[in-house]
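Residue numbers (my numbering), protein chains in the order written: chain Z, 1 to 183; chain R, 1 to 774; chain U, 1 to 483; chain P, 1 to 145.
No lab work stands behind these hints, which were simulated from the structure alone. Where hints are given, some of them may not hold.
[What the hints assert, rightly or not] Cut-off 20 angstroms, straight-line C-alpha distance, at most; resulting in silico cross-link-like pairs (SDA-like, lysine to any residue): (1) Z/K37 - Z/L121; (2) R/K672 - Z/K37; (3) U/K431 - R/P115; (4) R/K677 - P/E106; (5) R/K276 - R/D363; (6) U/K431 - U/G102; (7) R/K672 - Z/Q148; (8) Z/K37 - R/Q735; (9) R/K677 - Z/L28; (10) Z/K79 - U/K431; (11) R/K672 - R/T628; (12) R/K373 - R/D363; (13) P/K122 - R/A196; (14) R/K672 - P/V98; (15) R/K672 - Z/L125; (16) Z/K37 - Z/L125; (17) R/K276 - R/G208; (18) R/K684 - R/R625; (19) R/K677 - Z/E153; (20) R/K276 - R/A207; (21) R/K677 - P/L7; (22) R/K684 - P/D107; (23) R/K672 - Z/E153; (24) R/K684 - R/Q735; (25) R/K672 - P/L3; (26) R/K276 - R/R411; (27) R/K672 - R/Q682.
[Stated by the list, open to error] Now the in silico label distances, taken between C-beta atoms and shown as ranges: (28) R/L575 - U/G386: 47 to 55 angstroms; (29) U/P434 - Z/A83: 29 to 37 angstroms; (30) Z/G99 - R/P69: 58 to 66 angstroms; (31) U/P434 - P/D101: 29 to 37 angstroms.
Even for Gly, the Cβ is constructed at its ideal location relative to N, Cα and C.
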Amino acid sequence: MKNAPARTPEITSVLVRTIAKLLFLPILVTAVAMLIKGYAQPGDGFSAGVVGALGILLQYLAFGRRTAERLPLVGFAGKGVFAGLLIALLVAATPVFLGQPVFTHYPPAGASVIYVGTIELITALLFDTAVFLMVMGFVLGGVQMIAQTIADEDEYRGPEATGPEFDASAGTDVEPSSGGGRR
Amino acid sequence: MTALSAAFSLAPLLPLLVALLAAPAAMLAGTLKPRLAAPVGTAFAALAFLATAFTWYRGGGTVDLAWAPTWGMRFTIALDGLAALYALLATGIGFLVLAYSSRYLPLHLDQEGRPEAEGARFYGFMLLFMGAMVGLAMAQDLVLLFVFWDLTAVASYYLIAYDRHDPDARASALMALLVTGITAVLLLIGALTLYATYGTLSVPDLAGSVEPGVTLTVAGLLIACAALAKSAQVPFHFWLPRAMAAPTPVSAYLHSAAMVAAGVLLLGRVYPLLEKSQFLLDVLLVVGLLSISVGAILALTRDVLKQLLAYSTISQYGYVVFLYGLGGEYGAAGAAFYVVSHALAKCALFLTAGAITEETGEDRLSRLGGLTKRLPLLAVASGAAAAGLAALPFTIGFFKDELLFEAALERGGLFAALSVLGAALTIAYTWRFWGGLFLGEGRDGAGSLPAALVWPVAVLGGLVLLGGLFVEPFALLAEAAGAASYGAPTPIEPAYHLDLRPTNLMAVGAFALGIAIVASRPLWERGALAVSRFGEVLGPERLYEWGVDALNRLSDYVHRAEVRDLRSRVAAILLPAGVLVGAGILVTPTVGAYRTGEVMRGDFPLLLALVVVAVAALTTTFTRRHVTLALVLSGAGFVLALVYAFLGAPEVTLVAVLVETFLTLLFLGTSKLIPYKVLHDQAKLPLGNQWRRVFFSCLASLFAFAVAWSALSQPAAENTVAEEHVRLAPDAHAQDTVSAILADFRALDTLGEVTVVALVILGVATLLNRGRLP
Amino acid sequence: MTDQTLLVLPAGIPWVLAAVFALLDGRRRWVGRIAAVGLGVSFVSMVALALRVLRDGPVEVVAGNWPAGVGIVLRADALGVAFAVVSIGVMLVSLLYEVSLGMRSRTFPAVVLFMAAGLTGLFLTGDIFNFYVFFEVSVTAAYVLTSYRERDYQVRAAFIFAIVNLFGSVVFLIAAASLYHVTGSLEMQTVAERLGETSPNSAITIAVAIFVAFSLKLGLFPFHFWLPAVYVGSHPPVAAILSGALANIGSYGLLRFGGILPDQLALGTYAVLILGSASIIYGALQSISRSDVSEVLAYSAIGQAGYILLALGLGGPVGFSAAVIYAVVNSLNKALLFLVAGLRGPLVGAAFAVGALSVAGVPPAVGFIAKIAVFKAALAAGAGGGTAGAVGTVVFVTVIFVGGALSFVYMFQIYQRVFLAREPQGGHVEKPSPRATRALVGVLAALVLVFGLWPEPLLVLGEEAAAVLTGSPGDVSGGGDSP
Amino acid sequence: MILAFSLAVAVVFGSGVFLVIQRDLLRVVVGIVLISNSASLFIVAAGLTRGAVPIVPLPGGDGASASDPLVQAMALTALIITSSVTALLLSLIYRLYVSHDTMDIEDISVAELREAEALERKNRPEIEENPEKGPAAEELEERSR
């Protein structure tokens, strides 16, 4: 892949851009559908997250990093992971404060569920949404960091990148009071 | 009223409390003001002595508290005769030694160029030593005894290594710690063996219940081993002369009232157990005799003052062990009496040696002599002590030999003869020490020793003489101690008898023989030196050094054999894993345990997919280019997804496809990070010896195959919880059971899983982005 | 406070805090401090839970309010809380240590908190697959921690650590799936009950797989090859966490799954005993001539793990309680020693000496209690066993004795070389470490002494934990399945 | 089919191990991925019921006719965990590359041994008097050439 130079960059990019633009919304819709219909059909927060992330990745490929990261919330992907985790933990922990075991979902078994269209409003869905957020954030964040690192590498390849070298004979630590490990 | 009586019942704790508080008090005082450590420490030692004497005067007593009831360990301490004797020695001599140190230590520190503040450390450990000795003396529970036992070892370690900048001091301290510390574990094993059989750790209880037999012999032997090592008896004696690297007051204390005394204290404590086995008593006899002779002969050859005294100690404690080995009431009480009289004399002689070295700067007999005129008081005081050691009449020492002779006579003529010979040797080396220091040609002029270096010697010398005139109090104490060991009253009645009873004849014989030995020095000197050289070449000290060195070399050797490169680290783990599985399969019946399972018509696509997976996996092993490798890998992954689909697992299929896509992207992205040239060179590298790798991976395959096949061959369980899941899915408001499991039944797993995901992004951010999240 | 709240708090607090702290810069002093406070609260709640368990027996909750087995069973019994308390304690001290030294990474507090959550969950879960998940949470955090400070050797250590442990967790995963296949359940007690009815063939391979997985984790000979590189390379508090907290997974797993697979373990007793003895001797031998403190400690860890395995193999109430006591004491020792290894200044040598005494089994340091425990196990194994039992007792007592003797040699050789000779003599004085850090280590050393002088809590914990394994668990109380 | 699955698991596992003990860092990671794949395959195979997709209402009406949903959930969890950890491994090898400027484990091992020996020489000067013990790093370097 990496050795295959795009022979006709203009045409490729125009084609890709068009397709990417066309596919963007449908992909996101698919992802959301996978998420909320997960209780009836295969698919859950994880799959939805990856699909959603792949949709956005396509924008990366087509429009480049700068443009893609301007999409709403994409710039906060890494932080989204932890926002998702907090929501998930909230779902897990709330019942404890209500005197129930962890992860008791509401409404409980047998109780009727409020529907919004065909979507069931249950706390398990909230949990799945959290997972969705996290996975999407993870994929996007990971890719962003790799892209960032590649960019940095291209910009500057030098000794700084290797960090402080180990020097056993001198025994002087660059970092003060790190002391431990090998001296 | 009840509170008061409760307080009274705890009264026997008093000596121990005071003794244990001494060390922290002195340390604290020393930290606040270095000058304060000595007076505070000395005062506490005096206080501990008074507390012990007072409590003993009040009748002693026992305190028995729960310590670790789960294991039947009790905090039982008692101030019986034996405890009182040793506690009084430890605190009394401790007081004198500390008083001596208050002057000696500043001189010593000054010589070594160390700050005065280091003194606190000295007093701290000396008093810890004292506290541990008091505890050891009073402890009745074997584990509690072990605690104090090791505490003395720790204290002595730091005291011997007090001059820690000196490699010799460090090596000596290590030797003392290793010899006494490792043998101490034997005491523990012995105690636990007894506990396993008799269900108690209390010495009095054990004394009542043990029966002669293998258990007792083994346990007794282990305990005796620990005791003999601590008392520096042959063949563990070598650490004691080396321990002379410590400052002189430490040596004085170590030899007279603490460390070495602890060994015979233990013998006295467990004597009720030991005496039930004649074999154990015989062991003590032999070891005692050996130590008497080896110690005495080597003492006759040493030139360094403290070395001479150290070997003399080995020999003297040999007597004590010998006395215990002789058995009977004279043995038990005589041993106790012997310890007291030896302690007073030996401490005085050590302090003399220290004072003289301070005064003259010399520590060798050959360079000293004729000091009587310069240090008349010291000469007289140490003369009294030396006379005591040599068992001359009108000293307390006379009675110690009287008791020895009496006990030996009870046992038979041979032992009597041996004890006379031993006494004569003692006279010879004591004469050598004192005569060598104070007689002969010497420089004139008044000495300039500070009083604090002399008066403790004078007090001790005075006590030795006093004991020769009024032996009653010492005898009473020894009788009480003997009674505690022997389990019955042990009247010893030492007194001067002006008649021709055998003991008197033996004493006269010993004096005569002693004078003969001194006079005939040229005759035997060569022989004694030869013995000493033989010991240096082939003795246990050499064995110890050889052992430590061999261990280090063996360790180096093993370390070089250790797998230390990255790749082999992984491979090396596979080998034992494979061997273990193989062993596991070998020990279980195999007939009928492994099934091939039937292949149905509908299974062919699945089978085909499995074959493709296997082929793709194998292909990865010889793909050279990285990009191709990533593609083959993802190919394998996609076919696996197909397998999942055939198995009726669409969710897994979906996720597997997505995960493979993601992984492929990752691999390609990573290979973008690394310059093409590096990767290319890497791909071109010669593969090296692949057969080893093939072997290891085949082994791993077999491991996986065995585990997988043996598990899959088992019929799947009935009533799986999964059926419950399917049944309960509607209750979770779900139709897709897998989703219900992930988000509801086992949501905790999913939470954990996404936590891993979160951790990974955190880790990647740490590694690539200095911890900043995108 | 209800039992289920108490059961959830120790893992929940660090988990939530970790998610929050991941977004903050851990290098800021207040972040580290609050993280430490949070972990401290978690520790306190863990201690409260432990007291509760010791007083009234196990506490059980089923997540999601489902029947046990359908939902994940969380169960705090004496065995779990013993390990959880000591692991969280060690992590707390290590975190405080790093806070007082000054954090060098944004992510350090968050990762430590995640690991605390993972470890606590692992010790408190009663479900095999959930165990695997928490296992992964803890080790993933450990991979990140190992590379902390990102020196060459630390990155290298992290890589070795990750590769070997991934291998181990895959092996465990396979074992877990096999257990499910043959028993149809993932709930530990149900699995244990049903496993007795299945054929020994798969059970023995499962047992081997589990043994391999946890031996890898614990670093037993001959699965230890990764261990020296990792422990030597890591920053002191990280090494303390790895050896004092994370390695507990190994001992805990062996004990817990040893309890699930008792019949199979009986077959492999000889293997366990031999490997345990080999570890003791091998680790000790390797340590003797090592010249670096952390290297000595690393190899010593192999030997110390051997004692735990030996006690486990000796089995019975005495053996199991010895294994638990040894594991707990070993965690304390290793945490203390690794932390001290990175410090300079007054009292540091004394703290190391306390740890050295403890490893060598010298009272009043707590190590002698652990030594007594294994000696008792060895002696008990021979009781009533006739000649074979007596021979076994002699052999194992000898092994323990020799191992102990060697530990004397290596601990004090290195102590003399590094600490005793180097303490300030006037003249050249090294810059001492911060006072707070040294005080922290001092507290740990004091703890080692206190438990040596008053071992009763430790003994009760060991006794109760062994009771869990020998199949006389107390009544399950509390619990969520009774709404 | 039991044998077929077992063989497939074994082959994938073995290939993974083969790659893990290669010299190339990237291959090591590929090996780890394969090893984890074999575990997922095994998990799914362990629920070898091949029933209907476990979505209610089931055609057979009860849980026994569905393919085991629990193993699927387990496989999913395991898949996700191992694949995300792979991402961590990849960034680790990138860091290894940055600090050692190589993708070859042998080079890294040599560097490691050199450091160990330098440390040893520093701590124990007496070793240098003992020339028969040549540095192990040299040996390894020779071997890897």
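Okay, the hints, checked on the actual structure:
For a cut-off of 20 angstroms, the pair hint linking Z/K37 to Z/L121 stands: about 11 angstroms separates their Cα positions. A hinted pair counts as satisfied when its Cα atoms are at most 20 angstroms apart, and R/K672 with Z/K37 does not qualify at roughly 37 angstroms. Between the alpha carbons of U/K431 and R/P115 the distance comes to roughly 19 angstroms, so the proposed pair stays at or under 20 angstroms and holds. Between R/K677 and P/E106, the direct Cα distance comes to roughly 18 angstroms. Compliance with the 20 angstroms bound is thereby established for this hinted pair.
For the suggested pair R/K276 and R/D363, the alpha carbons sit about 46 angstroms apart, so the restraint of at most 20 angstroms is broken. Distance check on the hinted pair: U/K431 and U/G102 sit about 16 angstroms apart at the alpha-carbon level, within 20 angstroms; holds. Straight-line distance between C-alpha atoms of R/K672 and Z/Q148 comes to about 12 angstroms, which keeps the hinted pair within the 20 angstroms bound. For the given pair, Z/K37 sits about 10 angstroms from R/Q735 by alpha-carbon distance, which is consistent with the 20 angstroms threshold.
Between R/K677 and Z/L28, the direct Cα distance comes to roughly 39 angstroms. Violation of the 20 angstroms bound is thereby established for this hinted pair. Between Z/K79 and U/K431 the CA atoms are separated by roughly 40 angstroms; this puts the pair beyond 20 angstroms, and the hint is violated. Taking the CA atoms of R/K672 and R/T628, the gap is near 14 angstroms; set against the 20 angstroms cutoff, the hint holds. As the CA atoms of R/K373 and R/D363 are separated by approximately 19 angstroms, the hinted pair is consistent with the 20 angstroms bound.
A C-alpha spacing of about 49 angstroms is found between P/K122 and R/A196, which places the hinted pair above 20 angstroms, so the restraint is violated. The hinted pair formed by R/K672 and P/V98 meets the criterion: a straight-line CA distance of about 13 angstroms does not exceed 20 angstroms. For the hint pairing R/K672 with Z/L125, the CA-to-CA distance comes to about 38 angstroms; that exceeds 20 angstroms, so the pair is violated. For the suggested pair Z/K37 and Z/L125, the alpha carbons sit about 9 angstroms apart, so the restraint of at most 20 angstroms is met.
For the suggested pair R/K276 and R/G208, the alpha carbons sit about 11 angstroms apart, so the restraint of at most 20 angstroms is met. A hinted pair counts as satisfied when its Cα atoms are at most 20 angstroms apart, and R/K684 with R/R625 qualifies at roughly 9 angstroms. Taking the CA atoms of R/K677 and Z/E153, the gap is about 15 angstroms. The hint holds against a cut of 20 angstroms. Restraint check for R/K276 and R/A207: the C-alpha separation of about 9 angstroms stays at or below 20 angstroms, so the hint holds.
With a CA separation close to 38 angstroms, the supplied pair R/K677 and P/L7 exceeds the 20 angstroms bound. Proximity of R/K684 to P/D107 is assessed by CA-CA distance (about 15 angstroms); at most 20 angstroms being required, the pair is judged to hold. Taking the CA atoms of R/K672 and Z/E153, the gap is about 10 angstroms. The hint holds against a cut of 20 angstroms. A C-alpha spacing of about 53 angstroms is found between R/K684 and R/Q735, which places the hinted pair above 20 angstroms, so the restraint is violated.
The straight-line distance between the Cα atoms of R/K672 and P/L3 is roughly 40 angstroms, outside the 20 angstroms bound, and the hint therefore fails. Using a Cα cut-off of 20 angstroms, the hinted pair R/K276 and R/R411 holds, with the two alpha carbons roughly 17 angstroms apart. Pair hint R/K672 plus R/Q682 holds up; C-alpha atoms about 15 angstroms apart against a cutoff of 20 angstroms. One distance hint, 47 to 55 angstroms for the beta-carbon pair R/L575 and U/G386, is violated here, with the actual separation near 36 angstroms.
Here the CB-CB span from U/P434 to Z/A83 is close to 36 angstroms, well matched to the stated 29 to 37 angstroms. At about 39 angstroms, the beta-carbon gap between Z/G99 and R/P69 misses the expected band of 58 to 66 angstroms. Roughly 36 angstroms separates the CB atoms of U/P434 and P/D101, a value that falls within the hinted 29 to 37 angstroms.
Going through the hint list in order, the structure does not satisfy hints 2, 5, 9, 10, 13, 15, 21, 24, 25, 28, 30.
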